[in-house]
Structures are given as C-alpha cells and as structure tokens.
Amino acid sequence: MHWFANPARFMRIAETVQPWIAGLAVLCIAAGLYYGLVISPADYQQGETVRIMYVHVPAAWMSLFIYTILALASGVFLIWKHPLADIAARAAAPIGAAFTAMALITGALWGQPMWGTWWVWDARLTSVLILFFLYLGYMALVNAFDEPEHGARAGAILALVGVINVPIIKFSVDWWNTLHQPASLTRLDASAIDPAMLVPLLLMAAGFKLYFLAVLVIRMRTLLTARRIRALHMVE
Amino acid sequence: MRGTDPLFAGDGIACVRGARLVFRALDFTLAAGEALVLTGLNGSGKSSLLRLMAGLSSPGAGRISWDRTDIAQDRQTHATRLHYVGHTTGVKAALTAGEDLAFWSAFRLQDHGPTQQRALEQFGLGSRTSFPVRFLSSGQKRRLALARLVATPAPLWLLDEPTVGLDSEGQVALEAAIADHRAAGGIAVIASHTAIALGEAARTLNLRDFVAAGTEPLDPDLNLALGLTVGGAR
Amino acid sequence: MRGTDPLFAGDGIACVRGARLVFRALDFTLAAGEALVLTGLNGSGKSSLLRLMAGLSSPGAGRISWDRTDIAQDRQTHATRLHYVGHTTGVKAALTAGEDLAFWSAFRLQDHGPTQQRALEQFGLGSRTSFPVRFLSSGQKRRLALARLVATPAPLWLLDEPTVGLDSEGQVALEAAIADHRAAGGIAVIASHTAIALGEAARTLNLRDFVAAGTEPLDPDLNLALGLTVGGAR
Amino acid sequence: MSGFLAIVRRELKLALRQGSDASTVLMFYVVVVALFPLGVGPEPDVLERISGGVVWIGALLAALLSLDRLFQPDLEDGSLDLLVLAPWPLEFLVLAKCLAHWLVTGLPIMVISPLLGLLLHMQPEAYFSLLAAMALGTPVLSLIGAVGATLVLGARRSGVLVSLLVLPLTIPVLIFGVAAVEAAAIGQSPQPHLMLLGALLLAALPLCPWAAAAALRQAVA
Amino acid sequence: MSGFLAIVRRELKLALRQGSDASTVLMFYVVVVALFPLGVGPEPDVLERISGGVVWIGALLAALLSLDRLFQPDLEDGSLDLLVLAPWPLEFLVLAKCLAHWLVTGLPIMVISPLLGLLLHMQPEAYFSLLAAMALGTPVLSLIGAVGATLVLGARRSGVLVSLLVLPLTIPVLIFGVAAVEAAAIGQSPQPHLMLLGALLLAALPLCPWAAAAALRQAVA
Ligand code: HEM
Ligand SMILES: Nc1ncnc2c1ncn2[C@@H]1O[C@H](COP(=O)(O)OP(=O)(O)OP(=O)(O)O)[C@@H](O)[C@H]1O
Ligand SMILES: Nc1ncnc2c1ncn2[C@@H]1O[C@H](COP(=O)(O)OP(=O)(O)OP(=O)(O)O)[C@@H](O)[C@H]1O
Ligand SMILES: [Mg+2]
Ligand SMILES: [Mg+2]
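Residue numbers (the working numbering), protein chains in the order written: chain A, 5 to 240; chain B, -16 to 217; chain C, -16 to 217; chain D, 582 to 802; chain E, 582 to 802.
These are calculated hints, taken from the structure and not from any lab test.
Among these hints, one or two may not hold up.
[Claimed, not checked] So the derived list for chain E, only partly shown, Cβ under 10 angstroms to chain D, looks like this:
1) 608
2) 617
3) 622
4) 755
5) 759
From the three backbone atoms N, C-alpha and C, an ideal C-beta is built for every residue, glycine too.
Kindly produce the complete structure, drawing on both the sequences and the hints.
Here you go:
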C-alpha cells in the first residue's frame, strides 16, 4: 500500500493502466446497452420502459458503492495521513454525486409511466435523495477552504460522521415511511429476475464500475496536476 | 535560575503554507531566561514560526522540542507551558476587562483574583476593570491581552508584534514584564518590526536567512508540491 | 503649491463616545502641503478624531471645515477629497491584490490600470498583483491598503497608525509617498505611536492636552451624560 | 454608474469565488423544502395542499439566511468605512448590493422553485404563476432584507436578529406569492396577486435603498 | 472541571449580554412557525395535520441558524487559538460550548413548543410527548450542530454551508421527534420513538465532541 505513497509513481502507473480500464468500460457498457436495448425482451407489464432499469439499477448501486469508497478513503487519510487517499476521496465524490443524480433522474423518468408521478416520498427514494445531499455537502465543504489540506481533513471528518449516519438515516426513513403509508407501490420482484435481463444488468454494472475506476484515475491525475500548477503559481 | 541548557529548541524546521515553502532549515535553541527576537520583512514567516512554536500547526520538516521532547508528542502539555499573543488579541467585546482576564485565568485553571487585578494595574488598566471591552481603544485592548501574560505564569511566551498599538507607557510596561519573566527563568520569543529593549542575552533571528530560494515550490518531486511532506527540504 | 491659508481646520471640537467626553476644545489648522501627527496615550482619542475629520461621525461640539465650509454640509463632496486608512484595512481576502486595488479605483471613479500597477510597485507588491489577498501576511495587507493612497489622488490623507505591521522597507515607501503627496500640495493627518520621518512643516498634536478632566462623564448635567449635546463643554 | 457597476462586479466576483455561494444558497433551499415531506409525511394530497406555502417559506428562509453576510463582512474588515465615503449617493451602493444579492440568491431560487414544486406534487398549471411571482417577489426580499441587514450592523448576534426583523416585513410578499400560486392551481387568474407583488416591488425600489443608506451612515458613526 | 465551568459561564454571559440571544432565537422560532398559517392557510385540520412537523422543522431551523456563531466569533477575534491551547482535552471545550448553546437555544425552544403546538391546533394529548421528545432531541441538534460549526471554520460562506451539512444529518431526530408527537396525538405510546431519540443522544454525546475537537484542531493549524 505504501508503495503507492509516492504520487509521482502513482501518476506513472495510472498513465499506463488508465487507457485499458477505459477501453474495457466502453466495451462493457456498449455490450450491456446492446443486450439491454436490443436483445432482451420488453416486459409484459411495463413494456419498453423496463429498459430504463439497465441504467437505473446499476447507477443506484454505484451511488452507495462510491459513498463507501469515499468513507474508506477518508478513514485511511485520517488515520494514516496518506495523501493519495485524500485525492481519491476528493476525486470520487463528484462521480458518486453524478451516479446518484443519474439514479434519481432515471428513477423519476421511470416513475412517470409506472406510477403516474415523477416522485413519491417512498423510503428508498428519500434515502437516495438524502445521500445526494450528503455528497453535495461533502463537495461544498472540501472546496470551501484555501488550503487544500484543511478541506481534506474537514471533508474526511464529515465523510466519517456521514457514514455513521447513513445507516441511521436509512433506518429512520424506512421506518418513517412505513408509519405514514403502507407500501402500495408495485415493484419488480428482484428475486424472479429473468437471465435475459440479468445479463445486461450485470454487464452494465461491471461497465459502470470500470467507468468509475477510469474516471477516478483521470480525476486523481488532474487533481495532482492542479496542485502542482497551484504550487507553481505561488511563485512570485 | 538562568541556565545554559537548551530548554526550547528547533531543529531544521521548514514551514509550508498552502503549497508554498516559506522558510526552511531553521534552527534555534533557547535556555531558561533567554529571549529571541524574530525579525524579517513582511511575509517572511515570523507569525508562521510563532504558531509552529505554539504547536498550533506542524512543521513541514524538522522538529521543535521542549526539554528534548518533541512538542508534537503532547500538545496539551506544551499548551499549558506557553502563552501566545497573536495579531488578533482574542478579547471579547461584551465582557468587561476584568471578566475577560478572569475567564482566561479560570480557563488555565489558575483563577486568583488579586493576581489578575495586579496584572491589569501593571498594564495601566487598573481603573478599567469593570469597563466593557468594546469601549476600549485598540491599544487598550492590546494591553488587556498582554495582561494575561502576568495573570497566569507560564515559562514560554510567544508574542507576535506585541507592541502594535501600544503607546510609550504601554511599551515600558511590556518591557518590564518581559524582564521579570526572564529573571524568573522564563523564555520569550518576540516577533517585532520595532525596537524592544530586552537587555542582555536577547538574540535575534532574521527570517531572511531562511527564506527558500525565490520562495519556489522547492523540489521537482511532487511530494513537495503537495505540501504534505517536505522531508527532503533541508 | 504650498500655501499658508488654512485649508482644513477644526475649531473647538469635542468628541463624545458613548456617554463619555473623550476630548474637547481641540483646534487645528492645516494649509496645503502641511502634515499633522496625532500622538497621545492609548485611548486619548486619536482614532476618534480621524473619524471626525473623515466625516464618518459628527463632533459633539465645534466644527470641522474645508476651505472655510463646514464638512457636515456636504459629506459626499468631502468624501471625494479624502483617503482614510483605519486600524482595519478593508482589503478583501477573496480578491487578488490587483483586483482589490482596481475595485477601489473604479469605486472612486478613477479606474486607470497603469497608475494602479505603479502604486503596487511603490509599496513592494508589484510581483503580487495576481496573488490572492488571503495569502498575504499582515504587513503585506497593510501595504495593499496604503497603495490605494497613491492609486487615486486625493488632497487629504487620514492615516490611523499606518506603520503598524510594516517592515523598514514598507515604512520608507510610506514616508516617500507622504512626501510626494505633500509636495503636490496635499495634507496628511497621521496618528502614530512610532516615529515617522515627515521632514519640515510637520506639526504634532498631543491629544493629552485636550483630555477632559479625568476622562469622566464630565458634567452632572444629564444632557451631557446622555451624550446628546455637548454645547457647554468648551 | 461606473461605481455602481464596480460594486456589482465586485460582489459577484466575491460570491462566485467564495466557494460558489449561489449554489450553496440553492442547496440550502432544496434541503429545507425537502425537510417538509419528512416532517409532515409523504401523502401527496397533504403535500400538494401545502406546496405553495412551503416553496415560498423555503425561499424566504434561504434568501434571509444569506442576508447576514450582505454588509457584515464589510463592517468587520473595515471596507464599510470606505464604502460609506463614496463619491456618489449611498443609495446606489445599496441598490448595487441588492442587485448582486438577488443575482446570486433570488434568481437561482426562482429558477429551481418549479422543480421543488414537482417534488411536493404541486399542480403543473401553477408553475408559470410560481415563476412570475418569484420573479417579482424575490427582488423585494433582497430589498427589504438589505434594510434589515444594515439596521443590525454593529448589533450583536446580528444573524438571528436580521431574520427576526425582516421576516415580519416580508409577510405581504409571502401572502401574495402563495395566493398567486394557489389561484393558478385551482384554475383562477393569478393576475391580481401578481399586480400586488409588482406594486410591492415598485414601492420597495426607492424606499428600501433610502432607509438602508440612512442605516449605513449611522452604522459607521 | 473548573475550566469546563469557566467556558459555560463565559458563553452564557456572552449570550445573555449580547442582546439576549436566547430571546432572539426564540422569537425567530415563533416567527417561522407563525409563517405557516400564513403560507398554507388557516384551516385547522390542515394545520393540525402538519403541526408536529412544523414545530420540529421550526426548532431545527432556529437551532441551526444560531450555530453559525458558535465558534466563528472566536475564530475571528483570535480567541480560538487560545481555546485550542487549553490545558485540558478539547472534547470538554466542545461539550461546554454545546451545553451553553443548548441552554440558550434548545431549552427555550423546548419550553415554548407546546404553546406553538396550540397555535397550530395540535392535539393536547401530544404536548407532553412533544416536550419529552424536544428534551431528548434538542441536545442532539446542538451536538451534531457543533460538528458542522467546527467543520466549516475558516471556510467561505460558512453560514449557509453549516446548515447544508447539518440538516441532512439531523433528519433522524426530525423523524423520531415527529413520530413521537404523532403517536401521542393518535393515542399510541410515544415510548419507542423516545427511546430511539435517547439512543441518538447517547451515541452523539461521545462521538460529536470527538469529531468537533478534531475539526477544531485543524481549523487553527
Ligand atoms: C427517483 C426515483 C427512484 C430512486 C431514487 C430509486 C432508487 C433505487 C435504488 C437506490 C435502488 C438500489 C437498491 C439496492 O440494490 O439496494 C433501486 C433499485 C431498483 N429500482 Fe429504483 N428508484 C427510483 C425509481 C424507480 C422506479 C420508478 C422503478 C420502477 C418501477 C424502480 C425500479 C427499481 C428496480 C427494479 C430496482 C432493482 C431491484 C433491486 O435490486 O432491489 N425504481 N432503485
Ligand atoms: N494559505 C497560504 N498559501 C500560500 N502562502 C501563504 C498562505 N498563508 C500565508 N502565506 C504566505 O506565508 C508567508 C508568511 O506569512 P507570515 O504571516 O508568517 O509572515 P510574517 O513574517 O508574520 O509577516 P508580517 O511581518 O507581515 O506579519 C507570506 O509570504 C504569506 O504570503
Ligand atoms: N462606545 C463608547 N463608549 C464609551 N467610550 C468609548 C466608546 N468607544 C470608545 N470609547 C473611548 O473613547 C476613547 C478614545 O478611543 P480611541 O479609539 O479614539 O483612542 P485612540 O487614541 O485611537 O487609542 P489607541 O492609541 O489605543 O488606538 C477611549 O478611551 C475609549 O475607551
Ligand atoms: Mg505576522
Ligand atoms: Mg486608535
């Protein structure tokens, strides 16, 4: 792990692997889209709109996955003071926010034909919305300081406090919703999923993860370079 | 009780602000009873050095030690042994002068009324004890901040331009306080652009001598540009 | 164009802060090219007098006039003819040094780039034009505030402890700026605790001479204690 | 005029540079509005019933929260002294500050409010009316807000105090704004309410800068 | 311990002397809650339906608004440097600040909330439950708020930012608080909700001071 501690070495390695990951991501997503949009059948109940699922579900997974990465990186940064951990957390946040936004938007687009409304205050939807706010708050905080290090530590503390809170929020929201409103929404039964649907779903999920990795590396390199430029800029 | 053993010392200190190396390879040693005056042009890093000495921030490289122990090991203990007076004085407008001083004494767990009153008198604020701080002029606020130094004893004084805004009377009071402090074996580090009469055994450190060449991001190594480790700066 | 006609004058000024008479019966006259140094102990009212001169607050008694006209009659015109630099410098942390200066020039309706750049250079900030203000040290911020003086011309300079935080270089630049200003017929009023080299025709006003007895709430008369009218203070 | 533009430009620069203020105010707005379903429960009909009020109350709170820093930083760093020593009428200074404040708070709030209406199941017929009411109402909030912000300068705990002063003054904006939205939602014409909002704006435009300028002069004395 | 008390005493003195802070926060709370009948209309059944949520949202906003000034003035006047140089653990400093904050905001908010419930036609059965929920919930708001307030120290536009960070984190308090009130209003036992609020308080008591102390140390660096 400490072998990566040297940002210069990281830059070099990243430069070589990054195109491969990106290429793989494009392949997976292209295959997933082709499979999902062309090959897989339309749902007998939902019709063609079911195809939104191939974007929506992996995006929703990513939103949680990236928040976990963010918290892990923050922990590493706080405990071992590892500089790259901060850069990774910083770089991951906007990608996570984008996936969360994608889950929200595709969900809303799906909700209109399925439920007849863009949005309901269902427990799951509400927790995704709050997760989105946590992302935005983290990003706003990290970028609100002059000294990048200051923002890094503040952000790391917030991410950790947030990660303790996410399950509490999730639990309270679930409970809140069942209190107010019995579940009346029709949902796909996740267990009874057809392999024809599962394959594109998994392809897309893999594609999104690879895409995340590729963009993460690009963003980390950009952030490193930006710091270097900033340092040079400070010269009289 | 003036000694020659180095009590407070810095060894190869580098200071990084933002992603910028302000100074490097700075050493100092201070024995009991000694004083150090920091001089240097605006922006040379006097304030930054004082904050490093207080343990408020950490050096990019090198170490600062008290009695041969790195202060980074136990900041809380280091805090009990020092007084820091910065550019901003930290007096509260809504309290009276007496209350403000009493608070800081209690905060340092040494709440003793008569000592506080004597401290105020020493800095010419004896008649202002129950005067709200917001009615004090800038120099009077500075005096109130300085009164803290004598209200609770501490062996290390870190003063950032303490004479700013002081009139001649105030300056004399400050110089007397520093002399007493040193006579009792205390150490004082003072950043100042103006002359302060400190008597014997006061040394001067000009920050100019430690400015990193051209104040550049010193090293092509990215570590440095990150401002996170400056291990190689010396 | 140095004159002997009093251009800027105060006549029987009393200053009331809170319900408290700070000084009274203070007179001054300044002709073009003259300088006045305000001295006095902490709390004697130097800053208060400068604010009265700027028209920011109004005297409890007496009048301040420019060219024989009471400045209270048209504060806006008076404002155009003066520069005021107070204890706080009014520079904005988020702007760059150049932007901050450019703003104040545009604000005073005299936005001329080359003059601004020259002003920054004069105060040793030439290389910091595009440097964010929040990264400047305390002395550098003070220099930036002083650069305003030369970036847009104004016949009256009111400076409250302008040397605070300046290193020797900065002080020399300030003294040169004041000398130029006076040579061009400008007037400068400067409150300071430290010596400033001002050359000939610089007078000193020690506020001590006008302190109301014991700085007490002077008069049993309730009007006075209320700080509403101090007509009888003289 | 060039002084006026200098102020607006400076304020916008400060706002944008200081960590994208506009977006922070906006996010605060969204979060406050999103609290309501959590507080009152998710039933669409209840939410729809209160949507107009909640969107407006959220806008009010978001605009007011940012008022605290409209003049306070200038007082703290000493630039207020210099601003008051302007070579042109102080009323323009206040107007310029209000314009900048509206551009970074009122305008984004206005633009996003239909989206929040959507979250609260507001009738789509009301969106246009909501936009129009916000366009007329948010500048009034900035103007009245400036009076509050200048009045409390130098006061202690100005943050809460300014909200306290301003909230009651902005009640007419709230009432007409909500009325315009609700009229449109039930198919009536929002026009009379919009006209009233317009009248408020016309009255605030000269009055508020005058009052705020007086308060400013006296804040530095 | 004597250092702890010194802080609490100082904070209370500052709060009371600085234009009766407690009353300002309280009045803000009242005004915000009073906006609702104006914003959503006066129908008693609608108001009753939303009363629990509105009282809690108002409390949340009032407590959060005052957070902005919890550590910020100390940073600005330089006393934060001295506070961080405390001869005892910084966690106690945070706890003392939180206690003082709660005494001048949470406590008065709690005491007045049944009165506001009355204004909103809340069921009288819910009053006791509201008081109990507030007693457990408002300290959590102060604690979580302190984390937010220390995290944004030195940040730009900290006022709005702190609300943005803290509001999502306080959602569980809001949900359980409202649930306790509503349970009591429909004749159920509020106990499980109150227990959950208590659990939140117990979790926040050690965690928040720890996080806030870490943030403080790094704010002065
Ligand atoms: C804005 C609205 C929506 C949001 C925020 C949202 C959020 C989520 C999230 C977070 C997940 C992942 C859950 C997990 O794996 O733990 C998910 C999965 C899923 N969503 Fe949505 N959703 C939305 C709307 C919809 C709509 C309208 C439908 C279709 C009727 C839908 C159908 C599904 C399906 C089928 C899954 C996968 C099932 C599973 O893995 O449990 N969602 N959604
Ligand atoms: N966040 C930052 N990023 C980059 N440089 C910074 C930052 N903060 C301070 N500096 C720089 O650090 C240097 C040292 O500042 P410091 O305040 O210690 O100087 P000083 O010697 O106390 O000056 P003065 O005599 O003016 O008080 C300055 O050149 C300043 O520009
Ligand atoms: N609001 C007020 N109420 C009562 N007295 C006040 C008030 N404001 C200031 N004073 C008093 O007015 C006097 C003059 O203050 P001023 O700031 O003008 O002094 P100064 O000569 O500039 O002092 P310094 O050298 O310390 O800057 C002081 O004694 C101060 O205590
Ligand atoms: Mg300094
Ligand atoms: Mg003064």
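Structure-based check of each hint:
no.: 1; hint: 608; result: holds (5 angstroms)
no.: 2; hint: 617; result: holds (7 angstroms)
no.: 3; hint: 622; result: holds (7 angstroms)
no.: 4; hint: 755; result: holds (6 angstroms)
no.: 5; hint: 759; result: holds (6 angstroms)
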